[in-house]
Each structure stands twice: as C-alpha cells, then as structure tokens.
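**Q** Spelled out, the chains give:
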Amino acid sequence: MKRYQAQIALLAALLISFMVSQFSGRMNDYYLDIVLTAGISVILAVSLNLVNGHTGQFSLGHAGFMAVGAYGAAVVSLQLGPQLATILGSSGTGEGVAFLIALVTGGLAAALCGWIVGVPSLRLRGDYLAIVTLGFNEIIRVVLQNTTPDGVFGGALGLGGIPASTSIFWAFGAAAICIYVVTTMIGSTWGRGFLAVRDDEIAAGSMGINTTRYKVTAFVVGAFFAGVGGGLYAHQKGAINPEGFNFLKSVDVVVMVILGGMGSTVGVILAAIVLTVLNEYLRDFEQYRMIIFSLLLIVMMIVRPQGLLPATLFQKKGRTA
Amino acid sequence: MEQFLQQLLNGLFLGSIYALIALGYTMVYGVLRFINFAHGDVFMLGAFSGLYLNKWLGPALAPFHWSLSLTVILVLSMALCAALGILIEFLAYRPLRNRPRLNVLITAIGVSLLIEYTGQLVFGATQQPFPALIPADNIALTGNLAVTNTQMIVFVTVVVLLVALRYIVMSTRMGLAMRALSLNPTASALMGVNNSVVISFTFGLGSALAAAGGILYASLYPSVEPFMGIIPGLKAFIAAVLGGIGNIPGAALGGLIIGVTETLVGGYSSAIGLPTGYKDGVAFVILILILLFKPSGLLGKTEREKV
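Note that the protein sequences, when read in sequence, are chains A and B. For the record, in the first sequence the residue sitting at position 145 is 145 according to this note's numbering, with numbers rising by one throughout. For the record, in the second sequence the residue sitting at position 90 is 411 according to this note's numbering, with numbers rising by one throughout.
If you're looking for bench data, these hints aren't it; they were derived computationally from the structure. Quick caveat: nothing in here was measured; it's all calculated off a predicted structure. There could be a bad hint or two in this list.
Facing chain A, according to a computed beta carbon distance under 7 Å, are these residues of chain B, among others [to be verified]:
no. : residue
1   : Ala413
2   : Pro416
3   : Gly431
4   : Phe444
5   : Leu613
6   : Ser617
7   : Leu620
Covered, in the sense of this in silico footprint (three residues per stretch, anywhere, with C-beta under 8 Å from a C-beta of chain B), are these stretches of chain A [to be verified]:
no. : region
8   : 49-63
9   : 97-103
10  : 142-149
11  : 156-169
12  : 177-188
13  : 215-227
Ideal Cβ placement from N, Cα and C applies to all residues, glycine included.
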C-alpha cells in the first residue's frame, strides 16, 4: 500500500474535488470565485516552485507562460468549440473532454515557449534566466497587444465570451495533478538531480548529472503547468487581455513561493491560498499592497531566506534532502 | 540614404544614454557579481529629482544662463542619487554579503518594486511633463540631416561623463581598488583594500551615472512617471551583457549598438511589415542571440567557474 501512497492521494483528491464540485451551485458566487482563484494560484505557485525552489533557478516570467496557456486554451475553446461539440457531443462528458483538450493545448503551447526560452538561457548561470524570462514576459505582452483587434487574439482588448468551464473539480483536480507530478518527480531517484543542481551545480555536473537537461526539464514542466493555470484562469474569468499577464502577475507568484519557502511544497501551497485570500481582503489598500509585498521580499531575504515554512520542517529527523 | 543617416544619428543619441545606464550595471556586477535590479529605478528617481529640483531652484536659477542651471540640477541630482545608491547598498545588500546569489537577486527585485510603488504613492501614477532644461532648437547639419539642440547637449554630456569615469577608474587610487576588487575580492582585501568602502563608492558612482541618464533621457522624451525606469533599465542591462558584463568599454559599446538597432528597427518597421510596437522587443531578441552564441559578450573574457 505504501508504495502507491501518492497515487491513492491523487485519486482521493480528484474524487473529493469532483464531489465538492457537484455542490458548488449552492455556493455564493463571490466565494466560489475566490476558491477557484486559490486553486489556480496553487497550480502557479507549485509549478514555479519546481523551477525556483527545487532546481534553484530564478524565473520571473511565469505570467508570460500563463498568458500563452490562457490564450492557447481560449482560442481552442472559441475557434474550435463548435467543431469539438459536434464531434464529442454536447453532453457533460463531451464538454469536459473539449475543455481538457483546450487546457492541454494551452499547456503544451506554454511548454514549447518554455523550451525555446529555456535552452539558450539555462546553459548560463541563474541571474541571466531572471532577465530573459522577464523579457519573455514583456515580449509576449507586446506581441499580443499588437495583434489585430478583430483577429484570433483580439489585440489590446483581449478575448471575451470564453465559456466559464472552470469549476472546483477542474481547478483543484489540476492542482492535485500538478502537486502529484512535482512531488513524485522530485522524490524519484532520477529527480534527485534537480536538488543536486540546486545545491551545487558544479559538483552535480562532475558527478555526471546533465545539469542543463535537468534545468530545461524543470523549466518546461513548470511552463506547462503555468499554461494550464492560465487556461483555467481564462475559463474562470471569461475574458482575458494582455495587460492581465504583466510582470506584476509574475511577482505575485514569486512572492507566494518565497513566503512559503523555496523548495517546500506544503509551504508554497499554504502561501498561495493565504495570499489569494489576503489579496481579496486587501483590495481597499491596493496602492499599499505592492509596497508591503516588496518590503516582505527584502525583509524575508535578510531575516528568513528559507521561507516561513521551509521544507526541512516537514522532514523526518535524520533524513536529508 | 539620408533617412538612414538620420535614424543612425537618432539611435546614437538614444544609445549614448543606454550606455550611461549600462555602466552602472556593469560596475556593480564587476565588484559584487550580481545584477542590481533597482538600477533602472534609480534612473527614474534621477529624472524625478531633476523635475523637483527645477521646480524648487528654477526661480533662483532663472537669471543665469540655461547651461549653468542645467549643470547645477544635473550635479545635485547626481549627488542625491549617489547617496541613495549607497543607502540602498547599505540597508538591503550589505546584510546579504556572502549569502547565496539568488537571495541577493530577490532582494534586488524587492528593492526595485519598493522604489517603484513608493514612487507611485509619492509622485502619483500619472505621467508628468518634464521641463525643458535645454532650450529646443534645431541644428541643421549638411543636407537635410537635423539634430536638435537637446540631442547635441545630451551627447556631449554623456561623453564628458564617460571621460570622467574613465579617469576615475583608470587613474585614481579608488579606481585601482575597484579594479582590484573586481579581479579578486579576497586578494584585494589582503592587500589592504577596504572592500566595503569600494563597494559603496561603486554604488554611488553607478547611481550618479543613472541619475544623469535619467535627466538626459527625460530631456529627450519629456515625460516622467514612476515606472519609466523599467524598460530603459532592462535595455541597458542587455547592453551591458552584450558588451560583456563587468567590462566598462563593453557597456558603452553595447549601449550604442542597442540604441542604433532599436531606432533602425523602429524607423523601418513599416517597410519590413512589423508594427512599431515591436521595437521594444528588439533588445530581448539581441539578448537571446548573444546568450546563445557568445555568452561572455563582445568584449568580455570567458570566465571559468572554479570550485
């Protein structure tokens, strides 16, 4: 039984989110929206944690990958929606499969972008990646903004009328899969390579670990889930525009990862949920929000760089990771 | 042909400002081996201090020639930003000395955001017009090539600052200490260099150049807002990487190349069928290309990481 613990946990999470989803109709729309946002934040934070926490790189472009995924998924739903409906039927299952196709397409598009960006910059040391991903984030925004307003991507106004398919099942199901993939990947024998790259890249390299390969893998997987998160976001809000995926969106995710503790999955999940809820209550103090966040970043790095809930907190004594 | 030369000239003026900012990145990288993300925001503060100094000192300086008031405002805001740069280093970066690089990088991003959003709170989020510190006038060169007075003054100021910087780095004791520190921090400390003082000085010097860049940039494109530093800052950083990060002449060269390429792409984008909005993306394409083919930069030396 112990061997399949992770798989059982994943199935249980999927089942529970499916059951809860059946009752979501009775929930207040406002709270449902916050709950869905929290689920998406968990996906974004856990996937960024794979790159920034476990592998020790520093990506600042998570919102860029999110944008690629959001637009990819939205375009599939809007352009191919009718065709998919005729093929798959308009039953609940048919719609579900169509949404799944849209999400996976968005994720794959983001993963492809991640690969294109990652290969040149990941051969080098970490700080270049920060700039390249930040630049990528900007380029995606500029390119989307300069598309024709009546074209597929909708230009600066973005896309509207995206079906609101994201439910608790989809948001938390995807979050569960994301957590499952990241934790099992890191926990596997092969996955120790990620931690080795983080702890000492030169030593890892001389032990025969292909450091670039590990870094690119982490980056592409992270981008994929960011894309899926973006797709869910698009189908939650119903409308997206390029401005919604700016640098600050990336910073939000980075703050979640750093507060929770880089490399600590439990910490990052909690931070994602807490910060999403806090953001909702701090709406009245919008102009101070970023000042508080940036001060938090500085103070955390000086006082407690391992985060509030570091990974070491959850380990059994005598085991090192 | 004439249009091409005109674009080339415009690019040169823009590039000279990028060069000025890029020097700050490259010098800090040289002594501390990290990217000072907040550099672009010091650039923004330089422009704003120019704006406010002109507001406060303008009446007092009005009787004098504009070149005197320009010099006074330039020097004062350079001094102000130099002090600020030293303060940032002291409060945010010094406690992190000898910590993992990633932590310092995150702090730098934090400092950058802190300056931007505090700026938004203090200065307001809207764009403000920048006063004409240099009277507008066209200087006609041969044929139809036109250069504005502002462009010329900007270029001359940049050249003067670059010469001054070269003197400081190559011919003073402090410059010698800076070069020693960037070569090997441990050895320079053993030779009696006070590394902390040199690092503070480098931050001050870089921030002063960024402030000058801010005022000159705002003179060319006369509007200022709290987020104006992000994009020029990024482009200047790319210029520093292009020239070889840590290499001072390289940063100047990289700045010119980025400025010229960007202006040319902006000028001919309609001819090659691109929206002009893409001009901001050019620098990032250059960055990816240089990282792919020559990561050490045009003038940089390949550095082997040792255990």
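**Q** Does each hint hold? Answer for all of them.
**A** Hint check:
1. Annotation: interface hint on B/Ala413 holds; nearest CB of chain A at approximately 6 Å, less than 7 Å.
2. For B/Pro416, the interface hint holds, since its Cβ comes within 7 Å of a Cβ in chain A; the closest pair sits about 5 Å apart.
3. The closest approach between the C-beta of B/Gly431 and any C-beta of chain A is roughly 3 Å, which is under the 7 Å cut-off, so the hint is satisfied.
4. With a cut of 7 Å, the hint placing B/Phe444 at the interface with chain A is violated, because the nearest CB-to-CB distance is about 12 Å.
5. Evaluation of the B/Leu613 hint against chain A yields a held restraint, the C-beta minimum of about 4 Å falling below 7 Å.
6. The closest approach between the C-beta of B/Ser617 and any C-beta of chain A is roughly 10 Å, which is over the 7 Å cut-off, so the hint fails.
7. At about 17 Å, the closest approach between the beta carbon of B/Leu620 and any beta carbon in chain A exceeds 7 Å, and the interface hint on this residue is violated.
8. Given a C-beta distance limit of less than 8 Å, the hint that chain B covers the region 49-63 of chain A holds, as 3 residues qualify and 3 suffice.
9. For a cut-off of 8 Å, the count of residues in the region 97-103 of chain A with a CB near a CB of chain B stands at 0, and the three-residue condition is violated.
10. Using a Cβ-Cβ cut-off of 8 Å, 4 residues of the region 142-149 of chain A lie near chain B, which meets the minimum of three, so the contact claim holds.
11. Evaluation of the coverage hint for the region 156-169 of chain A: breached, as 0 residues show C-beta separations to chain B shorter than 8 Å, against a requirement of three.
12. Figure legend: the region 177-188 of chain A, annotated as covered by chain B; annotation inconsistent (0 residues with Cβ-Cβ distances under 8 Å, at least 3 required).
13. Check on the region 215-227 of chain A: 0 of its residues sit with their Cβ under 8 Å from a Cβ of chain B, so the three-residue criterion for coverage is violated.
Violation of the numbered hints given earlier is confined to hints 4, 6, 7, 9, 11, 12, 13; the remaining hints are satisfied by the structure.
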